[in-house]
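S.K.: Per the working numbering: the sequence shown = residues 122 to 310.
Hints are supplied without guarantee of correctness; some may be wrong.
[As the list claims (entries may be wrong)] The calculated label-pair distances, taken between Cβ atoms and stated as ranges, are:
1. Ala183 with Phe234: 14 to 24 Å
2. Thr165 with Gln198: 15 to 25 Å
3. Gln206 with Ala183: 18 to 28 Å
4. Pro237 with Ser174: 25 to 35 Å
5. Gly153 with Asp214: 15 to 25 Å
By construction, these hints were calculated from the structure, which means they are not laboratory data. Quick caveat, the model's predicted, so the values are computed rather than measured. Where a beta carbon is used, it is the ideal one built from N, C-alpha and C, also for glycine.
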Amino acid sequence: MAFLRGRLPRTYAWIRTSNGTARRVTILFDTGASHCFINPRILTDLNLVPDISEGPAELQVADDRCIPCKGAVSNLQVLAGQYKQRLTFVAADIGQDDVILGGEVLELAQAGFGPPGFWRMLVGDKWLQIPLIGPDGMATGKVKAIRSKKKTVKLLVEHFNHIKVGQVRKVAEQGAEEDATAASSHGSG
Numbered sequence: 122m123a124f125l126r127g128r129l130p131r132t133y134a135w136i137r138t139s140n141g142t143a144r145r146v147t148i149l150f151d152t153g154a155s156h157c158f159i160n161p162r163i164l165t166d167l168n169l170v171p172d173i174s175e176g177p178a179e180l181q182v183a184d185d186r187c188i189p190c191k192g193a194v195s196n197l198q199v200l201a202g203q204y205k206q207r208l209t210f211v212a213a214d215i216g217q218d219d220v221i222l223g224g225e226v227l228e229l230a231q232a233g234f235g236p237p238g239f240w241r242m243l244v245g246d247k248w249l250q251i252p253l254i255g256p257d258g259m260a261t262g263k264v265k266a267i268r269s270k271k272k273t274v275k276l277l278v279e280h281f282n283h284i285k286v287g288q289v290r291k292v293a294e295q296g297a298e299e300d301a302t303a304a305s306s307h308g309s310g
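Use the sequences and the hints to build the structure in full.
M.R.: Below, the structure is given as structure tokens:
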């Protein structure tokens, strides 16, 4: 398994079914994994049932424990940064992780660490850089520009409460400072 200053390389991504249902997930890039794995709770959220006749019977983890696998699900699309691929995932209780990308997927993509804060993968003839999650839980890569009105509106809608709360907090802090100034001037007069 690859390590990044004591942290495992993870990123935020989306998993989308063939009917368009999607869920945000965290992905662990594991160059030592034999397959791509998905946590059964994600399958439940997406209303998917794995084919129990597919995939390995068990997963041997780093501490030599064997975890039973619960079948496989095909044709799930992974969207991570610029990376977009339909894959087959083995269902297994992989702990806190939602998805593990490993096996041939990483091998064929010559995947590995890129510039600081990024994971890189070769897709076709193009190197893609996927921002990794930093120690604070935020993606370390920077978004340079949002190039479409639809994406801008989507981001504003998704983060409206955070933006609104931030403005309310700022106004409240300014009001508290004004109240403290007024109270001190009344007390000294």
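S.K.: Among the hints numbered above, which are violated by the structure, and what are their numbers in rising order?
M.R.: 4
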